[in-house]
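Under this note's numbering, think of the first position of the sequence shown as 72, with each following residue one higher.
Since the hints were made in silico from the structure, they are not lab data.
All C-beta atoms, glycine included, are put in the ideal place defined by N, C-alpha and C.
Among the clues, some could well be false.
Label-pair distances were calculated between CB atoms; the ranges are [claimed, not checked]:
id	residue 1	residue 2	range
1	D146	T268	27 to 37 Å
2	G80	G265	11 to 21 Å
3	A135	T268	42 to 52 Å
4	W263	E126	24 to 34 Å
5	S237	R212	14 to 24 Å
6	T127	M220	27 to 37 Å
7	L211	S92	13 to 23 Å
8	R117	L206	30 to 40 Å
9	T268	R169	40 to 50 Å
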Amino acid sequence: MPDRIQQTGRSRVVVGISGASGAVYGVRTLEALKELDIESHLVVSRAGLMTLAQETDLTPDDLAARADVTHKLADVGASIASGSFRTLGMIIAPCSVRTFSEIATGVTSSLLTRAADVTLKERRPLVLMVRETPLHLGHLRSLTALAEMGATIAPPLPAFYARPDSIDQMIDQSVGRALDQLGLDWPQTRRWQGLKTPPTAKA
């Protein structure tokens, strides 16, 4: 269950952005947390910044402005590197193969994967928005190990029952479902309202 107890101040969520395609998922996660008045702690890999530049018009400063706190990738002494720093959990959006492979082995080389390892050891929700296809057997075995360790594997897939009118709506739906795993209800998430009654056949 999400760790909802905070001694002082606002609830916190750690957001990681790695180098897989889909940097916009991390951007929208930060924007959603701001709307929900949740304190966001951001850490981005070098490849994540490269992807941000390739896929969006945002600069690293633009991205940092969307977070409450931005941590340097090499700062393994940062607050989010310790389990005593209370958070609701962590979302890595998007999550690359290298990132989830490091987390699966426990051999972490940066603050991004260290923070994820801390999230798992503290039994807090870790949501991995994995962006890779197709997946070979090694990928699947690593993801199985992560699921067994308590991570949620949440590839950002479109929910066509929500009848999206744009790519933005598809992105928001995936981000909203990831936030659900931390117990956060973002108004942009379109909820299933039950199967529509099929039209009556004419005689």
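Results for each hint:
1. D146 x T268: 27 to 37 Å: Given about 56 Å between the Cβ atoms, the range is violated.
2. G80 x G265: 11 to 21 Å: 39 Å, violated
3. A135 x T268: 42 to 52 Å: With a Cβ separation near 49 Å, A135 and T268 satisfy 42 to 52 Å, so the hint holds.
4. W263 x E126: 24 to 34 Å: The hint (24 to 34 Å, Cβ to Cβ) holds, given that W263 and E126 are roughly 30 Å apart.
5. S237 x R212: 14 to 24 Å: 36 Å, violated
6. T127 x M220: 27 to 37 Å: The hinted range 27 to 37 Å holds for T127 and M220, with Cβ atoms some 32 Å apart.
7. L211 x S92: 13 to 23 Å: Given range 13 to 23 Å: holds, Cβ gap about 19 Å.
8. R117 x L206: 30 to 40 Å: 24 Å, violated
9. T268 x R169: 40 to 50 Å: 48 Å, holds
The earlier numbered hints that this structure contradicts are 1, 2, 5 and 8.
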